[in-house]
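Asker: One line per chain: the protein sequences are A and B, in this order.
Here the first sequence is numbered in the numbering used here, starting from 204 and rising by one per residue.
Here the second sequence is numbered in the numbering used here, starting from 204 and rising by one per residue.
In short, the hints are calculated from the structure, not lab data.
Please read these numbers as outputs of a predicted model, since none were measured by experiment.
The beta-carbon is built from N, C-alpha and C at its ideal position, and this holds for glycine as well.
Watch out, some of these pointers could steer you wrong.
Stated by the list, open to error - Distance windows between CB atoms, simulated:
| no. | chain 1 | residue 1 | chain 2 | residue 2 | range |
| --- | --- | --- | --- | --- | --- |
| 1 | A | 358 | B | 220 | 14 to 24 Å |
| 2 | A | 519 | B | 220 | 58 to 68 Å |
| 3 | A | 354 | B | 386 | 17 to 27 Å |
| 4 | A | 559 | B | 219 | 11 to 21 Å |
| 5 | B | 556 | A | 243 | 38 to 48 Å |
| 6 | B | 527 | A | 243 | 33 to 43 Å |
| 7 | B | 352 | A | 495 | 52 to 62 Å |
| 8 | A | 358 | B | 415 | 14 to 24 Å |
| 9 | A | 313 | B | 215 | 55 to 65 Å |
| 10 | B | 550 | A | 209 | 52 to 62 Å |
Stated by the list, open to error - Distance condition first, Cα-Cα at most 25 Å in a straight line; then the derived SDA-like pairs of lysine to any residue:
| no. | chain 1 | residue 1 | chain 2 | residue 2 |
| --- | --- | --- | --- | --- |
| 11 | A | 409 | B | 518 |
| 12 | B | 244 | A | 489 |
| 13 | A | 431 | A | 352 |
Here is what each chain is made of, one letter per residue.
2 protein chains.
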Amino acid sequence: MTQALDIQHTLTKKIKPDEDKLGFGIHFTDHMFILDYTADKGWHQPRIIPYQPIVLDPAAKVFHYGQTVFEGLKAYKTEDGRILLFRPEQNLQRLNRSNERLSIPYLDEELALDALKQLIVVDQDWIPSKAGTSLYIRPFIIATEALLGVAPSTRYQFMIIMSPVGPYYSEGVNPVKIFVESQYVRAVNGGVGEAKTAGNYAAGLKAQEGATDKGYSQVLWLDGVHRKYIEEVGSMNVFFKINGTVHTPALNGSILDGITRKSIIQLLKHWNIPVVERTISIEELYEHHAKGELEEAFGTGTAAVISPIGELNWQDQKISLNGGQTGELSTKLYQTLTGIQNGILPDPFNWMVEATAISSHS
Amino acid sequence: MTQALDIQHTLTKKIKPDEDKLGFGIHFTDHMFILDYTADKGWHQPRIIPYQPIVLDPAAKVFHYGQTVFEGLKAYKTEDGRILLFRPEQNLQRLNRSNERLSIPYLDEELALDALKQLIVVDQDWIPSKAGTSLYIRPFIIATEALLGVAPSTRYQFMIIMSPVGPYYSEGVNPVKIFVESQYVRAVNGGVGEAKTAGNYAAGLKAQEGATDKGYSQVLWLDGVHRKYIEEVGSMNVFFKINGTVHTPALNGSILDGITRKSIIQLLKHWNIPVVERTISIEELYEHHAKGELEEAFGTGTAAVISPIGELNWQDQKISLNGGQTGELSTKLYQTLTGIQNGILPDPFNWMVEATAISSHS
Ligand SMILES: Cc1ncc(COP(=O)(O)O)c(C=O)c1O
Ligand SMILES: Cc1ncc(COP(=O)(O)O)c(C=O)c1O
Numbered sequence: 204m205t206q207a208l209d210i211q212h213t214l215t216k217k218i219k220p221d222e223d224k225l226g227f228g229i230h231f232t233d234h235m236f237i238l239d240y241t242a243d244k245g246w247h248q249p250r251i252i253p254y255q256p257i258v259l260d261p262a263a264k265v266f267h268y269g270q271t272v273f274e275g276l277k278a279y280k281t282e283d284g285r286i287l288l289f290r291p292e293q294n295l296q297r298l299n300r301s302n303e304r305l306s307i308p309y310l311d312e313e314l315a316l317d318a319l320k321q322l323i324v325v326d327q328d329w330i331p332s333k334a335g336t337s338l339y340i341r342p343f344i345i346a347t348e349a350l351l352g353v354a355p356s357t358r359y360q361f362m363i364i365m366s367p368v369g370p371y372y373s374e375g376v377n378p379v380k381i382f383v384e385s386q387y388v389r390a391v392n393g394g395v396g397e398a399k400t401a402g403n404y405a406a407g408l409k410a411q412e413g414a415t416d417k418g419y420s421q422v423l424w425l426d427g428v429h430r431k432y433i434e435e436v437g438s439m440n441v442f443f444k445i446n447g448t449v450h451t452p453a454l455n456g457s458i459l460d461g462i463t464r465k466s467i468i469q470l471l472k473h474w475n476i477p478v479v480e481r482t483i484s485i486e487e488l489y490e491h492h493a494k495g496e497l498e499e500a501f502g503t504g505t506a507a508v509i510s511p512i513g514e515l516n517w518q519d520q521k522i523s524l525n526g527g528q529t530g531e532l533s534t535k536l537y538q539t540l541t542g543i544q545n546g547i548l549p550d551p552f553n554w555m556v557e558a559t560a561i562s563s564h565s
Numbered sequence: 204m205t206q207a208l209d210i211q212h213t214l215t216k217k218i219k220p221d222e223d224k225l226g227f228g229i230h231f232t233d234h235m236f237i238l239d240y241t242a243d244k245g246w247h248q249p250r251i252i253p254y255q256p257i258v259l260d261p262a263a264k265v266f267h268y269g270q271t272v273f274e275g276l277k278a279y280k281t282e283d284g285r286i287l288l289f290r291p292e293q294n295l296q297r298l299n300r301s302n303e304r305l306s307i308p309y310l311d312e313e314l315a316l317d318a319l320k321q322l323i324v325v326d327q328d329w330i331p332s333k334a335g336t337s338l339y340i341r342p343f344i345i346a347t348e349a350l351l352g353v354a355p356s357t358r359y360q361f362m363i364i365m366s367p368v369g370p371y372y373s374e375g376v377n378p379v380k381i382f383v384e385s386q387y388v389r390a391v392n393g394g395v396g397e398a399k400t401a402g403n404y405a406a407g408l409k410a411q412e413g414a415t416d417k418g419y420s421q422v423l424w425l426d427g428v429h430r431k432y433i434e435e436v437g438s439m440n441v442f443f444k445i446n447g448t449v450h451t452p453a454l455n456g457s458i459l460d461g462i463t464r465k466s467i468i469q470l471l472k473h474w475n476i477p478v479v480e481r482t483i484s485i486e487e488l489y490e491h492h493a494k495g496e497l498e499e500a501f502g503t504g505t506a507a508v509i510s511p512i513g514e515l516n517w518q519d520q521k522i523s524l525n526g527g528q529t530g531e532l533s534t535k536l537y538q539t540l541t542g543i544q545n546g547i548l549p550d551p552f553n554w555m556v557e558a559t560a561i562s563s564h565s
């Protein structure tokens, strides 16, 4: 990092929320990180400041043309007091891939990682310690130029905010009911489905609402071209255990390249459990179920880590998976991943990165 | 409108820009309109206030999940000093259709139209009078709840900002060169292409940049499923005159239902010029051109009104339309539409709505 990080501490610390009632993304820590971009200076003026509102011209491009990207990752406090981050470099690489797709300038990943670590150290008292809790970190970039022409912005802000979170599902790691969406589409090849950008989530709200109304927790997205190949579940990647082999949709351009997904594939290979990335149709899945071959299904993502699927509803055909119970593999994956993340289990792949105060910047 | 509109006038009026150098969406008027939404109160507290920055929590949903919709329309000052709006009720109806798709609560269209008129009256000195200029009006809604869960917001702000604008293309009403996009997709059926929402524009930036780099003014979008049917041109609808008949892509779910498009169809029917809305493939278009049947092509939208197309480039096959000149029909449509909009020509369809100060609200 060539630019010195300026740290302005808050004078009025907030009261921390009850660790039993954290929820997800409701409470935010005392500080945030900001970095500005202008066409002439590039990214400049990295600073940690008290958590505070953003002040933007009403014509700022983010409000009108959605030029924005984000990331989501977690920090954990170990029993011996260390602060661990799960594969943060992967998130920053993906942020830059999203930037590329959204015509947002490349961000120095080392600078961003340093900023992230520093911010966590400043707000380390906010990392909760109860089982299932963690500090959720949300880096994001917004286009701030006040100009209504449809063209990439010449000004941006990169920010990091952090929220102490409880388990994503209030129900805990129990199987969820999933509605297979046939009307709405999340993303399509050639679009922005591969990028972590706001519009993908806006596009999914209506279907999600419909699923909730029908008593389902999330939707399963089918591809936008054939309307039959499985893409994701809510904002998670998805895996199926069929006849002892684990299958997950291949990255095809409209699916997010999930870091949990990638880690699970690595773990499965390490355990010599066969895993294949391929195109999977919903019909095929139902056929496997009919033959008694569909053993487990689960969603994967930073927020929930592993979310077992207990029921699928596709065009009013409901199928129950593993008797509506959390499967053996789902449990093992959840325990292993969260164990590594919390520093309780060994970390064979060197996934965890420690956040410690950086005294100077060279 | 059951709620009284509060008007707070600015104390420091801005210096107005030179009418010859307005550009598009660069300068903003002295005032803006705001209306708040909360789950308990619904839409409330309509107010006109001095144009000023928006202050939002960094966790506001608009920054992360793009839950936002907008509109664009224009006001004109006639030679006899009246202020005319072009079909504003159409924009507010479309805003509500976009709201429906984006899970944003319904907005009272009468209240919004009253607000629009009042705001224009307050800032009427900002309506430019030079030929080709107008006051561009940007109503928009953003999700403001500070919560990172992916679900519709419980808080919103509806705002209207206004910008005196010159002709959209600095080149004037001259034919533009269009690049037919084969790699990227703007929208797909089942997605949000039919809604005027930020994510659609973010998704188009990369292709637009590529086209600009190659010396083209806009891209022509093909459908996301077959990658061969014509959808739109940049952020305009598109029309082709083939053998005396005018063809435009049918509204299929991924195309914006343009108000200029709709008005042109009405005008053509009024003139007894045959017009059809249908599926048009890019191959077919090139075949018509090869046979000498493709007479004219033009984009249509609020910003440019009519934008004649002089050249198309599809997979390195370049074709020149109407000898690269503005066609007769394009010219007639441009002159008729802008004539009606400026109050110079009669308004046979009662499209224009006058903005006058509303003294009280019932
Ligand atoms: C659309 C979508 N798919 C999948 C994932 C899972 O990715 P990761 O495992 O990196 O959290 C996410 C993010 O959480 C997502 O937003
Ligand atoms: C994507 C898109 N298509 C078409 C149009 C044209 O619509 P209208 O004629 O209502 O301006 C617009 C808006 O200007 C647009 O954003």
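Asker: Can you confirm whether the C-alpha distance between residue 409 of chain A and residue 518 of chain B stays at or below 25 Å?
Answerer: violated, 36 Å
Asker: If I claimed the Cβ atoms of residue 358 of chain A and residue 220 of chain B lie 14 to 24 Å apart, would that claim hold in this structure?
Answerer: holds, 20 Å
Asker: Mind checking the hinted window 38 to 48 Å against the Cβ distance between residue 556 of chain B and residue 243 of chain A?
Answerer: With Cβ atoms ~44 Å apart, the hint holds.
Asker: Would the pair residue 244 of chain B and residue 489 of chain A pass a check requiring their Cα atoms to be no farther apart than 25 Å?
Answerer: violated, 45 Å
Asker: Can you let me know if the beta-carbon spacing of residue 519 of chain A and residue 220 of chain B is within 58 to 68 Å?
Answerer: The hinted range 58 to 68 Å holds for residue 519 of chain A and residue 220 of chain B, with Cβ atoms some 59 Å apart.
Asker: Between residue 313 of chain A and residue 215 of chain B, does the beta-carbon spacing fit 55 to 65 Å?
Answerer: violated, 45 Å
Asker: Does the alpha-carbon distance linking residue 431 of chain A and residue 352 of chain A stay inside the 25 Å limit?
Answerer: violated, 37 Å
Asker: Look at the Cβ atoms of residue 527 of chain B and residue 243 of chain A and judge whether their distance stays inside 33 to 43 Å.
Answerer: Check passed, 37 Å falls within 33 to 43 Å.
Asker: Has the hinted range 14 to 24 Å been met by the Cβ atoms of residue 358 of chain A and residue 415 of chain B?
Answerer: Given range 14 to 24 Å: holds, Cβ gap about 19 Å.
Asker: Quick one: are residue 559 of chain A and residue 219 of chain B within 11 to 21 Å, going by C-beta?
Answerer: Hint violated: Cβ distance 55 Å, outside 11 to 21 Å.
Asker: Against the range 17 to 27 Å, how does the distance between the Cβ atoms of residue 354 of chain A and residue 386 of chain B compare: consistent or not?
Answerer: holds, 19 Å
Asker: Taking the CB of residue 550 of chain B and the CB of residue 209 of chain A, does the distance hold inside 52 to 62 Å?
Answerer: Check passed, 59 Å falls within 52 to 62 Å.
Going through the hint list in order, the structure does not satisfy hints 4, 7, 9, 11, 12, 13.
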